[in-house]
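*Asks:* The primary structure of each chain is shown beneath.
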Amino acid sequence: MRYLPHTDQDRADMLARIGVGSIDDLFADIPADKRLKAPLDLPPHCGEMEVARMMRGLAAKNLSAVETPFFAGAGAYRHHVPAMVDHIIQRSEFLTSYTPYQPEITQGTLQYLFEFQTQVANLTAMDVANASMYDGSTGTGEAVLMAHRVTRRNKAVISGGLHPQYRAVVENLSQMADDRLDILPPDPAGSEDIIARIDDETSCVVVQSPSFYGQLIDMKPIAEACHAKGALLVAVFTEVVSLGLIEPPGAQGADIVVGEGQSIGNGLNFGGPYVGLFATRQKYVRQMPGRLCGETVDAEGSRGFVLTLSTREQHIRRDKATSNICTNSGLCCLAFTVHMTLLGEAGITRLARINHAKACRLAERLDAITGVSVINESFFNEFTVRLSEDAAETVERLTERGIVAGVPVSRLEPHNPDLADMLLVAVTETTTDDEMDRLVTALQEVA
Amino acid sequence: MRYLPHTDQDRADMLARIGVGSIDDLFADIPADKRLKAPLDLPPHCGEMEVARMMRGLAAKNLSAVETPFFAGAGAYRHHVPAMVDHIIQRSEFLTSYTPYQPEITQGTLQYLFEFQTQVANLTAMDVANASMYDGSTGTGEAVLMAHRVTRRNKAVISGGLHPQYRAVVENLSQMADDRLDILPPDPAGSEDIIARIDDETSCVVVQSPSFYGQLIDMKPIAEACHAKGALLVAVFTEVVSLGLIEPPGAQGADIVVGEGQSIGNGLNFGGPYVGLFATRQKYVRQMPGRLCGETVDAEGSRGFVLTLSTREQHIRRDKATSNICTNSGLCCLAFTVHMTLLGEAGITRLARINHAKACRLAERLDAITGVSVINESFFNEFTVRLSEDAAETVERLTERGIVAGVPVSRLEPHNPDLADMLLVAVTETTTDDEMDRLVTALQEVA
Amino acid sequence: MVNSQGRPTQPQAGSENSSGTDRPTFTGNRALQLEEPLIFETGRTDITGVDLAEPDEFASRLGGHGRTAPIDLPALSEPEAMRHYVRLSQKNYAIDMGLYPLGSCTMKHNPRLNEQSARLPGFSDIHPLQPQSTVQGALELIHELGRWLVTITGMQAVAMSPKAGAHGELCGMMAIKAALTARGKTPTKVLVPESAHGTNPATAALLRYSVVDVPARKDGTVGADEVKRLIAEHAGDIAAIMLTNPNTCGLFEPEIAEIAEAVHEAGGFFYCDGANLNAIMGKARPGDLGVDAMHINLHKTFSTPHGGGGPGAGPVVLSGALAPFAPLPFVEKDGNAYRLVETEHDDGGSHPFGRMTAFHGQMGMFVRAYAWMLSHGSDGMKQASEDAVLNANYVRAGLADLMSLPYPDHPSMHEVLFDDSFLKDTGVSTLDFAKAMIDEGYHPMTMYFPLVVHGALLIEPTESESRASLDLFIATMRDLVMAAKGGESERFTGAPHFAPRRRLDETRAARNPILKWAPPAPYEEAAE
Amino acid sequence: MVNSQGRPTQPQAGSENSSGTDRPTFTGNRALQLEEPLIFETGRTDITGVDLAEPDEFASRLGGHGRTAPIDLPALSEPEAMRHYVRLSQKNYAIDMGLYPLGSCTMKHNPRLNEQSARLPGFSDIHPLQPQSTVQGALELIHELGRWLVTITGMQAVAMSPKAGAHGELCGMMAIKAALTARGKTPTKVLVPESAHGTNPATAALLRYSVVDVPARKDGTVGADEVKRLIAEHAGDIAAIMLTNPNTCGLFEPEIAEIAEAVHEAGGFFYCDGANLNAIMGKARPGDLGVDAMHINLHKTFSTPHGGGGPGAGPVVLSGALAPFAPLPFVEKDGNAYRLVETEHDDGGSHPFGRMTAFHGQMGMFVRAYAWMLSHGSDGMKQASEDAVLNANYVRAGLADLMSLPYPDHPSMHEVLFDDSFLKDTGVSTLDFAKAMIDEGYHPMTMYFPLVVHGALLIEPTESESRASLDLFIATMRDLVMAAKGGESERFTGAPHFAPRRRLDETRAARNPILKWAPPAPYEEAAE
Ligand SMILES: Cc1ncc(COP(=O)(O)O)c(C=O)c1O
Ligand SMILES: Cc1ncc(COP(=O)(O)O)c(C=O)c1O
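Residue numbers (the numbering used here), protein chains in the order written: chain A, 1 to 447; chain B, 448 to 894; chain C, 895 to 1422; chain D, 1423 to 1950.
Hints in this document: simulated from the structure, not taken from any laboratory.
There's no promise every hint is true.
Unchecked claim - One side of the interface only, derived from the structure: several residues of chain A facing chain B at Cβ under 8 Å: (1) 44; (2) 48; (3) 49; (4) 80; (5) 82; (6) 315; (7) 434.
Said to hold, decoys possible - When the alpha-carbon atoms are kept at most 20 Å apart in a straight line, the in silico EDC-like pairs for lysine to aspartate or glutamate are as follows: (8) A:61 - B:514; (9) C:1276 - A:67; (10) D:1607 - B:626; (11) C:1276 - A:24; (12) B:481 - D:1677; (13) D:1804 - B:457; (14) A:37 - C:1273; (15) A:34 - C:1149; (16) B:508 - D:1566; (17) D:1804 - B:471; (18) C:1079 - A:29; (19) B:508 - D:1754; (20) C:1079 - C:1152; (21) D:1804 - B:488; (22) C:1079 - A:179; (23) A:61 - C:1273; (24) B:508 - A:67; (25) B:484 - D:1801; (26) C:1276 - A:178; (27) A:37 - A:25; (28) A:34 - C:1152; (29) B:508 - D:1562; (30) A:61 - C:1034; (31) B:481 - D:1801; (32) D:1607 - D:1677; (33) D:1804 - B:480.
For every residue, glycine included, the Cβ atom is placed at its ideal position computed from N, Cα and C.
Make the full structure from the sequences, and use the hints.
*Replies:* What follows is the structure, encoded as structure tokens:
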């Protein structure tokens, strides 16, 4: 087997050196009646060429976004990732190393984590960011738990603009931890009165902007209301590119900012791996979940980086840890950081403007179609349109024409007739005019 | 522009430091009337995403072998290249370094070249191999020139089994250098009497095995005849995998062995870049073209490698050099070496057996079709079939059915009616039974 | 003396040793060892490494939510960025460079076939919410991968969405809590051995369970008697036991089946930490041992790259008792089609406890793991486990006489645990010893874990190591031990000597945390 | 003192300097600097790093030509092979690591977009002889690339098939010989300046031309007067002049047009070595200067990676006089279709002189170069040339006072040439100086070429370098020069000190060439 270096002779010699007669002697602690006698009922090993063929075969059964006009968003966005990013994340030294437990020989990883943390903190206008969570949704769950710890309360208020699957993650965690939740109903228009729900027992308010429906939310008044009651504002985003153009949550008074970083550096990948961004105020840093990389010096006084404040973490604090997270999104951070380094201030802001400009253009054109109306007052690169029929059906019909028209809200909010005719449409820099034309034409025909 | 680090301010500051007023002052030596006034009539710079889209668009206009049953060979073979090979050749340290002029910081390149030379020498059963030529065809041209130098004669005898485009390269070089050639007519069956053409003026005899038509040639008697007349035997191959199974030219008395190494480690790439393998006897090493890597020690006595015997080369010897070659096939050597290291003795011999077995199976099946006959007595993984109609037409018709049936001999030997019904069919480990079925069925229907 | 690499092991007699490697250079570089500043020190906000055309004028729909202040994100042009990250990479150690015997982490070879497969646009460029009819291949792959995992472990079902091992633990424990709740039970305690990985107690705590420590026996394993005693002590209040098997001392728990039975009898469940599955593929199945839930680190056993700390994937296999509570989403096969179930449906049988994450899990990792499995097959996986165990025991046999083995009574499984008593009175700590290994070109083993022995050194070579590699490792370790015992303490306390950085000051980092780059304060006293 | 990298430039007062970096290690490794034996020392012939199923029994058709002896090719398993080549790679310097100012080689940034493009199956997995109807995209790309090259150079036609610069020279000179022959002329001589690259005279010799040296003027350029004198001296016998422009001293030949005219008047042709095209894109066109043939190194100007010495590509642009003689094959556009002309056809106009190579040239390089061109566009290419020239002159301005400039009268183009007179009486040679640059983390410049100055140092920074990069380079060079002049000769003669190898013995390598690995001779005196 190509991945196993031993010959049978090696194995025999090594067993002799160990001083046992057969390999099974080393498995003697397995209770005799529990030892597997028959081979696993699975096919035998397979050459690389054959495996590659099988994988190509499976991949070919999927319609990839590159092949088709593509308008799906709803928390996962198709952006152009510079070729250099993939080159860097495939470098053996990054790809095949692990958590930088030995800082002297993992300065590469540590330094990019320090750069990543700084980029995320600056983008969100927060004091400090960690070295990533699994993704935006699990990060949101952790943010709520952190707010509980900080405020020593356990009731979170959840906006109706939060991504329904993020909400589900928070719900699940809260339910399992016997925490309380106040969940507002779906809020496509961004018109809910969330401030009214904040009381003295509120640990935090969770608000997403751009919302799941694309709406931009003014978080300043919410932050003020939170702080007046001793609660924290948890600001969520699913499209990090928006931060190139909209007022960052840190500038609006958020206490914890959490979001999905996939858009920068990372592909769609059918939903994972992604990279959760997590930032907070300096004063809460010791309640933060996840790894942190910090600056220090070596024995000769040269600057270097290490993982730090690990007394928050499970491997030191065990059941008193701020989270159980261990492995995080290392390589996806690297992809994020490399892409962000290529973009820089000038690039991310322009990229955001391009996204917004294209979305504005498409929104206008769709709005002009009879039977189609854009419901958002404001948005970034994704908006919700109301159709004259079931949105899921429309999507099916457009799929047959080779167009992925967007995500029907009903896919994530299934049992809600008010939302059945709503379609989320996302536009990025990858969307061409021709693709927009095709969507407009097709919708005109089916709408 | 993303590849250019300067801002306009940088440029202005740098010009000031240099002490000139404008960039054009640095171009003052260009005669005024020759300076380009207008911009080049070409489009402006373009973002990565747009360029990627254009490249995908062009690529999509080609039918790639992975999409179709594929039987083309004739000097370029489709083999499975392990994924690791591409990973290694994309390593920055290999990809973006140059000729190892500074051995202390290019031991990586030098050591793989030493490994490459050894692998090639062992495969061909020769004393020494160089660090590559551009490809098999240009290597063959160089071999003839080398034979002239060694023998101080200038008439080469060229077998009718030599790849027609290799022959054309030799012809061109010879003609331009006022050397003589004795070219035998196309020899599909491998029945020519080349020994009869050797005389006291013959510098070398160039024989290919497997021949262009797939035939295996017994080179021992030819070598003996050459040596009896003071001529060299130049043995050529276009399918290096064959050396896993057939008697190597070195064991048959060849003095120079030259061939195409593309099959190992390198893709089809529409004909290039490929890698020319070139080996000879120890005694002729100083007449060899191309770079050579040799072992030495450093100032502390540690083993290391350097480019050596460069007094043969153009940068030292100028018009007295053994060749004008400078840049060769560096990275393709690396691909070859990595793939060969994965294969090893056990792998290359088995790979060769698989190729041969599949070719035998297909040959048998094609031979059974009425109107189709295999003309070769012996072959490795490619053979010639005679059809009952024009082979080029057959290929066209099968292309319409999505099958690349092989290479019609007439594509390379156009004005020869005797060859018009001949088709070269190549089979490798990548060919599946299903693909063979499709070819057989299709040929049955059109033949 | 020349060692197996053909290099002198001692300065040669008469050699001037004039290499002068302490000589400083002007740049701070040392030939191929290149220093590299932060992007914040070299980058600029007025350049960019991408070319994007400014859009034409358009009517913004930001509704007044536009950014008002700069972000402060420097860029590098593409050539500068390339160098920056390539240089950084060269400051890392990696599996692709050498032995990486980090116990409990299974640092095995990462085949590039898997990387190539994951990058096929049919996997990498598909959206989690595009119509299911357009992602049948992806759903098939998830379904098949799940089937392989269930078969390998002998379990009944699998939840694919957890994003790493710890997330899998959370998922498994949630399924347990849901099942208990469905039975109307609300026990409050979870048994966890002292040797457990930190994620186990941390996970239990997230579910508001309190942790009851299970002490290990002298031989490093958990006794069924002790478990029974604790169950009795906390009668009716035990939700589950979280046991790692093979355990973190590298031993197979011989009484595991009896423990499982005892827990089940007490109405609890058996959560098995599956981080060490690499030892037993094709040799024993957790399902046969009474396990109810077990996460599988695809980034360990199934070789998806560790990537500097992630991403991983932690699917959880479940027993029949827990299967109905598996979270959303899951894939069902329906004739020839695959269906992704994303919301509760009332087939009566399933009661998903909720959702672990947005979307459907770590598809990128699934592709890689599946390619690994297909490549190994039934025979290759068993061989891999056998070789992993063989290698660990070979290292043990090569070092047992010089180092100290706290648990000599059991054969090791895929990793071997030493304690630091062999370093007693040498003035060399486990940490020092590890840093000296760095100088020799090795990544150290896991240190100070598990907590049950003093100064633990946990060595997991994995099946990817050749015998020659292990022989050199053993010889090097022996040389180091002899040196430690021989009083060459500078070789240890000063180590690493040759790495891109000397020993880093972790205390300083924690005392005054600098977690983000800030521009240097201007020199206020500057004379001019 | 702290330099721009934040590292001390001198050992700090009071520091023990106890880094002990001269300490030997057991393995010979030094942390991340890993020793690596040859595959022949570690590999084995009874293992393999691929999985191939043995074919079923079959009737061989080898006809008795089967191999009779083993090959002697060791294999490594995939994990071993990965490490072997990764470790080797780490002994290399590369553009992706830092400045690589190898004059005449144009070591510019290699964008990964180009690598990605070349790997699209539609380019990488197509056969040179599959039906032309199935490779229209490939032919279109070749045709378009040719059009760009012709436009950039202002020439009339292009031969795409040559495989590298030297091969392009051969192609261009063959076209010249063919054109002369068609005119019934058989001149025997070619004018070549002394400063020419070795491939120029070597190419002329392949065509049996004898080389007439053209001496350079004091200012480093070729004088039209001298050329005319030589033409007169060899009246009627000059086939061509081979001139590099900008020349290998980094100067634009100011009298180039006059020289071209003189050669044309004498019935000869003007072959221009285009290796230095990177200096003049968008600034001047060889076609306007009277050039008849010029190769273009796509691996220089157009950034296809140098790959440790290749592969390259050397298309040749041709004047109207030579265009009809362009070799086979070539691509013609025919309406919307592209046709590859592989054999002579009698359209009357074309008289291909023959064929340079099997198939159609370096498609893999064409894809990369075309992606580079599309990315830069007309404006970007001009800017690239301007920046390349700017950078070379900036380096010159930073060093001219300390180093010695043999040709101060002309501005430099994209590279700047120094001679070694600044090292006079220092005991430091150009070679020593170069090796000391290695310790500082730089690849040295081109040395001892061109031959027209003593101890040449030819520095070509390319447009890829930032100002910060150049500033650090200049400061480092200045430090080195001061050190050489200050008598710190060990820093030079002992260099490199920190590279994977100390100075290598090239004489020994040439005296007793070991070009292939051979098993070590058995110890015959072994006692047992
Ligand atoms: C024994 C054990 N359990 C659990 C984990 C947690 O896995 P992950 O890091 O994937 O969250 C680890 C990982 O290091 C482990 O070693
Ligand atoms: C001036 C000059 N001419 C010709 C060549 C030959 O080019 P190639 O190496 O591509 O054959 C070179 C390359 O080094 C060169 O610098």
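*Asks:* For each hint, tell me whether it holds in the structure or not.
*Replies:* The hints, checked one at a time:
1. 44: Interface hint status for residue 44 of chain A: violated (17 Å vs cutoff 8 Å).
2. 48: Holds: closest Cβ of chain B sits about 6 Å from residue 48 of chain A, inside 8 Å.
3. 49: Because about 4 Å separates residue 49 of chain A from the closest Cβ in chain B, which is inside the 8 Å limit, the hint holds.
4. 80: This hint holds: residue 80 of chain A lies near chain B, its Cβ roughly 4 Å from the closest one there, short of 8 Å.
5. 82: Constraint on residue 82 of chain A satisfied, holds at 6 Å.
6. 315: violated, 32 Å
7. 434: violated, 11 Å
8. A:61 - B:514: Between residue 61 of chain A and residue 514 of chain B the Cα gap is close to 14 Å, so the pair holds against 20 Å.
9. C:1276 - A:67: Given that 20 Å is the threshold and the Cα spacing comes to 40 Å, the pair is violated.
10. D:1607 - B:626: Holds. Residue 1607 of chain D to residue 626 of chain B sits at ~18 Å (cutoff 20 Å).
11. C:1276 - A:24: holds, 12 Å
12. B:481 - D:1677: Holds - the C-alpha atoms of residue 1677 of chain D and residue 481 of chain B are around 11 Å apart, at most 20 Å.
13. D:1804 - B:457: The hint holds at about 17 Å.
14. A:37 - C:1273: This hinted pair holds, its Cα atoms lying about 13 Å apart.
15. A:34 - C:1149: Holds - the C-alpha atoms of residue 1149 of chain C and residue 34 of chain A are around 11 Å apart, at most 20 Å.
16. B:508 - D:1566: holds, 15 Å
17. D:1804 - B:471: holds, 12 Å
18. C:1079 - A:29: violated, 34 Å
19. B:508 - D:1754: Distance of about 17 Å is within 20 Å: holds.
20. C:1079 - C:1152: It is violated: about 23 Å lies between the C-alpha atoms, which goes past 20 Å.
21. D:1804 - B:488: holds, 12 Å
22. C:1079 - A:179: Holds: residue 1079 of chain C and residue 179 of chain A sit about 18 Å apart, inside 20 Å.
23. A:61 - C:1273: violated, 29 Å
24. B:508 - A:67: holds, 14 Å
25. B:484 - D:1801: The given pair, whose Cα atoms are some 13 Å apart, holds under the 20 Å limit.
26. C:1276 - A:178: It is violated: about 43 Å lies between the C-alpha atoms, which goes past 20 Å.
27. A:37 - A:25: holds, 15 Å
28. A:34 - C:1152: holds, 12 Å
29. B:508 - D:1562: holds, 9 Å
30. A:61 - C:1034: holds, 9 Å
31. B:481 - D:1801: Between residue 481 of chain B and residue 1801 of chain D the Cα gap is close to 19 Å, so the pair holds against 20 Å.
32. D:1607 - D:1677: violated, 27 Å
33. D:1804 - B:480: holds, 18 Å
Figure legend: structure checked against the earlier numbered hints; hints not met, in rising order: 1, 6, 7, 9, 18, 20, 23, 26 and 32.
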